[in-house]
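In order, the protein sequences belong to chains X and U.
In this text, residue positions in the first sequence follow the numbering used here: the first is 659, and each later residue adds one.
In this text, residue positions in the second sequence follow the numbering used here: the first is 621, and each later residue adds one.
None of these hints come from the bench; they were simulated from the model.
One thing to keep in mind: the hints can contain errors.
Only pairs whose alpha carbons sit at most 25 Å apart, straight line, appear in this in silico PhoX-like list of lysine-lysine [stated by the list, open to error]:
1) Lys664/X - Lys687/X
2) Lys691/U - Lys681/U
3) Lys724/U - Lys710/X
4) Lys706/U - Lys690/X
5) Lys687/X - Lys691/U
6) Lys710/X - Lys681/U
7) Lys661/X - Lys710/X
Each chain, written out:
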Amino acid sequence: MTKFTKLALIALFGMAITTTTASAADAEKGLKLYSKKLKEVCGMPGSDFTIKHTTDEWTAIIEEGKMEDEIKAICGDDAEIKEKLVPFIGDFAVEYSSDSGNVPAC
Amino acid sequence: MKKIILSTAVFTSIAFAGGDVIPMEQISNNDAIMAEIEALKGEVASLKAENAKKPNKTDDKLAKKLKAMNKKINKVRTHDAHDNIKFSMDFRNTLDNLEYTNNKTGEVASNNNLLTSRVLLNMASAPTKKLLFKGQLAAYSNWGAHLNTEDPSLKSWAGSSKSSDTIFRIRQAYFVYSDKLLDGKLPYSFSIGRRQATDGFLANHRENLKDPGSPLAHITNMEVDAAMFKLNTEKFLTNGSFMKFIYGRAHSGGIESIYDVGGYKPYAQKDGDVNENVDLLIALGSLYNNGQYNLMFEDALILNTKGQNTNTLIKSVDAGKANLVALSLQVDGVGDEINDFLDDTILFASAAYSNYMPESGHQLLGSTDDESGKSVWIGATFPDMITDSGRFGIEYNKGSQYWTPMTWAEDSAMGSKVAVRGDAYEAYWNFNLFGEKNLPSQVRYTHEQHDYTPNIRCSGWVAPTPVDIEADDIRLSVSYKY
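Could you put the whole structure together from the sequences, leaning on the hints where they help?
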């Protein structure tokens, strides 16, 4: 490894460990959790679940603390997910809501 | 009268008791004021009662108008969100430290700082619920590159995937039409265009990509023009299962010239064993996917694959067929919520097989007989425990003498690691620079031990002979993505 590469590596490592505060939840994890925990019981792919509401509607549901109830309303009473994982589903729903314009993977 | 007498009596008592004396006129006025106040109170109370019975018509009207306006705004937002092309950017810069050692001859070749930049301009639009378009323009250049690279080995299947010049090329452009049959139980999709047949299943981890491309990276990594038909079979077969059927063209033969000098046959050629189309027939899909366990398969048949005519000795002629098969398993999360570390750990393993079958009078891979090759690929990625969302990854590949997948788009600057005829070891660290999710970065080290002639470009007539070549690549990359 040349000196140039070593220096670049050290600089990159230094910049890598300078981190911002972790976010509480994110859409990507929510997508994975939906696939693992809810897709089968909901009987629909994640994209069909998220377009049930607009961004504003999902945001209102989350802020009112009614996300768990809404999951059951859409997927049935058998749809259960641990409380600590609900925010991730909420982030996922907002990210791919009906008016988000985000195009799903195909 | 009684009130006046009473008031006068009160006045007199106060006066004899030595209290402050309020003038008679004021006492009379206070009584009147009190009486008025009482009367007003009564009026207000009755007005309130009346209002409580009747709804406020103005408030109602406003509320209705507001509701209608919100509905309209949401409709417009939904329409506009989809009625346009959305652009996104993936801009990657890399520094590769390359070294090759031929242990038999002692020759060493190196490039200590290959600097490249790659721009991927992504386009996506979904004008209706059933239709979407995806495109990608790419420019992938070496810093200080010559303009308009001319390398006969560089073809459209790798044009945007090998660093060369700054020309923007079409890397992807395809539409997908989706609908459902059998009362919605059988979703299907149809697509035509230049495909996302690079960075496929399992390769996305080492490329620091969230989602894999379509094919199995163990046997396919090349830019492909194709048509595709997909059936979502999970309601009839297993959980998460689907099948894709693809027809593609890897090489356009049969063309002597675009403007025919003979004057009558543009885009055609005379008969003969000269230059035919190389077509691909591919079936791939998921056999099972429950979000944690995903088992995928692919079977690719290459028609008219290029080899050598054993009579004329002309190379790069259509010489037979090749069949490539892969079975790949990914486990996303070990166990079920044992702990966060295991939940975020991904394990994968893949087995693949290639078989090249020359026609009579031709050779493929230096042989006039069918020659088969095998390969295994295992790996794991897990949280780095240093940064917020960083991950470490480790991978191992092994391939036999005749192992020849179609992976000529770049998976490593030193040639395809997946196609190694020997052993390959790799470790990488994916992280966000400064903790910014829009600056995904990577440090990656790859070591290849070639036991047979490396398969780094499409040259189906070259026999894989025993060699002892080591190749090392340390790559640092910083990307901007939004």
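Would the hint linking Lys687/X and Lys691/U be met if the CA-CA limit is 25 Å?
31 Å, violated
Tell me if the straight-line CA distance from Lys691/U to Lys681/U falls inside 25 Å.
16 Å, holds
Would you check the hint for Lys710/X and Lys681/U, treating anything up to 25 Å between C-alpha atoms as holding?
Violated, at roughly 29 Å.
Assess, step by step, whether the Cα of Lys661/X is no farther than 25 Å from the Cα of Lys710/X, and give holds or violated.
56 Å, violated
For the pair supplied as a hint, Lys664/X and Lys687/X, is the alpha-carbon distance within the 25 Å limit?
34 Å, violated
Check whether the Cα positions of Lys706/U and Lys690/X lie no farther apart than 25 Å.
24 Å, holds
Are the Cα atoms of Lys724/U and Lys710/X separated by 25 Å or less?
Violated - the C-alpha atoms of Lys710/X and Lys724/U are around 65 Å apart, more than 25 Å.
In this structure, the earlier hints numbered 1, 3, 5, 6 and 7 are contradicted, and the remaining ones agree with it.
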